[in-house]
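Given chain Z, work out where chain S should sit, using these hints.
Quick note, the sequences are listed as chains Z and S, same order.
Our numbering applies: residue 2 is where the first sequence begins, and numbers increase by one.
Our numbering applies: residue 2 is where the second sequence begins, and numbers increase by one.
Because the hints were derived from the structure by calculation, they are not lab data.
We put the beta carbon where it would ideally sit given N, CA and C, even for glycine.
Fair warning: there could be bad hints in the mix.
Derived list of chain Z stretches under chain S, where covered just means 3 residues or more per stretch with a C-beta under 8 Å from a C-beta of chain S [as the list claims (entries may be wrong)]:
1) 120–128
2) 327–338
These stretches of chain Z come out as covered by chain S in the derived footprint (C-beta under 8 Å, 3 or more residues) [as the list claims (entries may be wrong)]:
3) 134–141
4) 194–206
5) 249–255
6) 285–298
7) 348–361
Protein chains: 2
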Amino acid sequence: MRIDAEALAVHLAGPVPPSGRTAWLRAGLRRAVVDGALPPGTTLPGARALAARLGVARGTVVEAVQQLVDEGYLTARPRSGVVVSWQPLARGPAPAAPVPRVPSPGQPDGALYPRAAWARLVRGVLARVPGDDLGYPPPAGHPELRAALADHLRRTRGADVDPDDVVVVAGVAQVGALLVAAGLRRWAVERPGSPGQGAQLRRLGAHVVEAPVDDRGLVAAALDDGGALDAVVVTAAHQYPTGCVLAPERRQDLVRRARAGGFVVVEDDYDAELRYDRDPVGVVQALAPDVVVLAGSVSKTLAPALRLGWMVAPPRLRAAVVAAKHTADLGSPVVDQLALAGMLTSGAYLRHVRRVRSAYRARRDALLEALARRAPGVTVTGVSAGLHVYLAGLGAPAARRAHAALERLGVAAQVVPGGPVHLPGDGLVLGFASLRDAAAADAAARAVADALG
Amino acid sequence: MRIDAEALAVHLAGPVPPSGRTAWLRAGLRRAVVDGALPPGTTLPGARALAARLGVARGTVVEAVQQLVDEGYLTARPRSGVVVSWQPLARGPAPAAPVPRVPSPGQPDGALYPRAAWARLVRGVLARVPGDDLGYPPPAGHPELRAALADHLRRTRGADVDPDDVVVVAGVAQVGALLVAAGLRRWAVERPGSPGQGAQLRRLGAHVVEAPVDDRGLVAAALDDGGALDAVVVTAAHQYPTGCVLAPERRQDLVRRARAGGFVVVEDDYDAELRYDRDPVGVVQALAPDVVVLAGSVSKTLAPALRLGWMVAPPRLRAAVVAAKHTADLGSPVVDQLALAGMLTSGAYLRHVRRVRSAYRARRDALLEALARRAPGVTVTGVSAGLHVYLAGLGAPAARRAHAALERLGVAAQVVPGGPVHLPGDGLVLGFASLRDAAAADAAARAVADALG
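The shape of chain Z in the complex, shown without the other chains (with noise of 0.2 Å):
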């Protein structure tokens, strides 16, 4: 088929312009060919007789259609001219739903984030960052960053390391991802524990079973012994539901079993700077820096959006973390990283974690007494640090009441299902990051009492 000079104008939008007359041409024939105006095999007027028809030069014509032919919409057969090569195509169906954002009773205020005191450190950051840091970034992190974080993780959580030893990451969940590329498959996590931490692990290909937890944490007796295991992820200062400490006990004896076991302990520090009634318990990684991996973020200090945080691996596992690393993403961005050293070392970053941990305290202070109020035969746990109280031993029926309700009033909570777990089953995580007055911690106790029946 052939079409003619005449009918294909029809098909090019609007007047000819002024100027970007080749762009304009190309544009439409596009169009016309992607949406079926133009069907494959259909033979294009001369060039001669388009640019007449359309009042431009024929240049701009051979110019605009030569452009098509070389990203293969149209084909020029010698001879017989210029014919339409594209193949039309049905979409396919619809994508499948994409994953929901992840619920976080850990998700801290947006609103006390330091926005302005973040730019500054931006602009500081730009204003003086040498062109070269602005390349492909070193894919363990930024030096100044580095030492930065060695130095506030030595002094705030007692941890053994040196600059060399941290790796930085985008937050702990990339931890994971890194120690699965490493090579580390056979992990243990903590039950009741994150119910995102297993499921990342198992979509990695890692083989995950579940460790039990009492109240004085993980229980590694209960592990198999005999090498079967490469790592044990444990929430050590604050244990995420149910908030309790890992018993000094017990922490001697994770170590004693990783050391001869052969396994890592992957010790998730995900709140342990918000602790609320005495100074946090310093991290098992001081112990046993040759077995344990400690991972941290400012997830919970300034907010998850930043994707940012770090790890301090042994020596025998930091060049194929480094490798793993740089194979995921080569690195990460280096201004939010040369943002938060400055925060660090200028004393900033501690400053804050004061100013959030006492508008936290204040929330968990609130949420306490209303639940003591509305809700008395409740136990609550974990209350000494983080963003998180947990419920133990509601029942499931209404667990699932309370997290429907808790979820009407935007407040973030996750069912913990029961099971042969050492504490009582089906419980609630509710977070108290959003309840900015009594009002609200009010309405959430409410809820809760409401939902128990």
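Same frame as chain Z, now just chain S:
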């Protein structure tokens, strides 16, 4: 072994401070344990005796000791008192050498990065972003950036893309990682091609074969038929390293083979926006959005340090790709995403591209002039776009000599080994982004000429 209060006090550094005595004592005791001054099994003096010796309250000693018991350094034994339980350890061997910075002749000049503009964009984002957006990001990317990128890619690259089709990633390197995680295991890469790309895919566990490139681009006909591949990488707009454009019939052939063979084409559109002598050729993706993954980033136009890019994936891959992004790092940093969205929608991004394009065109022209003068026998290809030119067929010794000489000048270069390829082998990629004036261009050309002997 028992240590008395007098002996223990020797190990506590400095005088007792006027405040923060518990923290001071805790840190001092911990250091004495970790340094081996108090070996495992040592029994500490009673709290009363130590308090008296130090001149502090007994409660201070009890609290500090209890903290170290909680952390696992000490153990309280009924009747026999508190003993040191921490086991010192021999540090393992030094870690392997870290992965070096990616050498990239395609790295832009950090001096052209719009520092002040980016700082303003970040400040603007922080002033207006809702607190909820500072939580965990949507794994596919923030809707504002996805919409801005879809519009940008439609207008500047002729891509067939809606906002729902876009996934925000940490640069093109992450595209490979996500596609392997989404199940694409058997890859073909271009030869010659980016050496990092094949190496990355192999580290990710993919099986990688090479497809030859000639002066019309990738020769897909050389690939095995019969469904033996999951993905084929192509740098269609400006082949890396040779700089040729994928020819029209090659585009159609590639798409036909992808549909017949069930593989996807991964179009690495890494530098198409920096095209100097005519409009860039449109993307292959628009020809066949059912089988082409379009991948790009701001690494060449803004800075690799931002780690910000995108992919447009066929509908059948999208859910798996978004899940892989979620599993890898939970999503990309939100503030940077919104800053780029603002830059795109305001027109500032295109203005910036025009500005750097003009600067790089001048640097390219100076280099070409100097090469023509100093080394007139050298074949220079791929000059019409990007941040590098390709010096073909130098021979291995000359290419290596030139590489070393350029490196001494701080000019990025990369030797491309010869072999069974259609193009003259043993070429050299020469990045011109850092050649800020004619003298720098002349020095680079002289290094090449000297290497030719």
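Against the structure, the hints:
1. 120–128: holds (count 5)
2. 327–338: holds (count 11)
3. 134–141: holds (count 8)
4. 194–206: holds (count 3)
5. 249–255: holds (count 4)
6. 285–298: holds (count 6)
7. 348–361: violated (count 0)
When the structure is compared with the earlier hints, a violation turns up for hint 7 alone.
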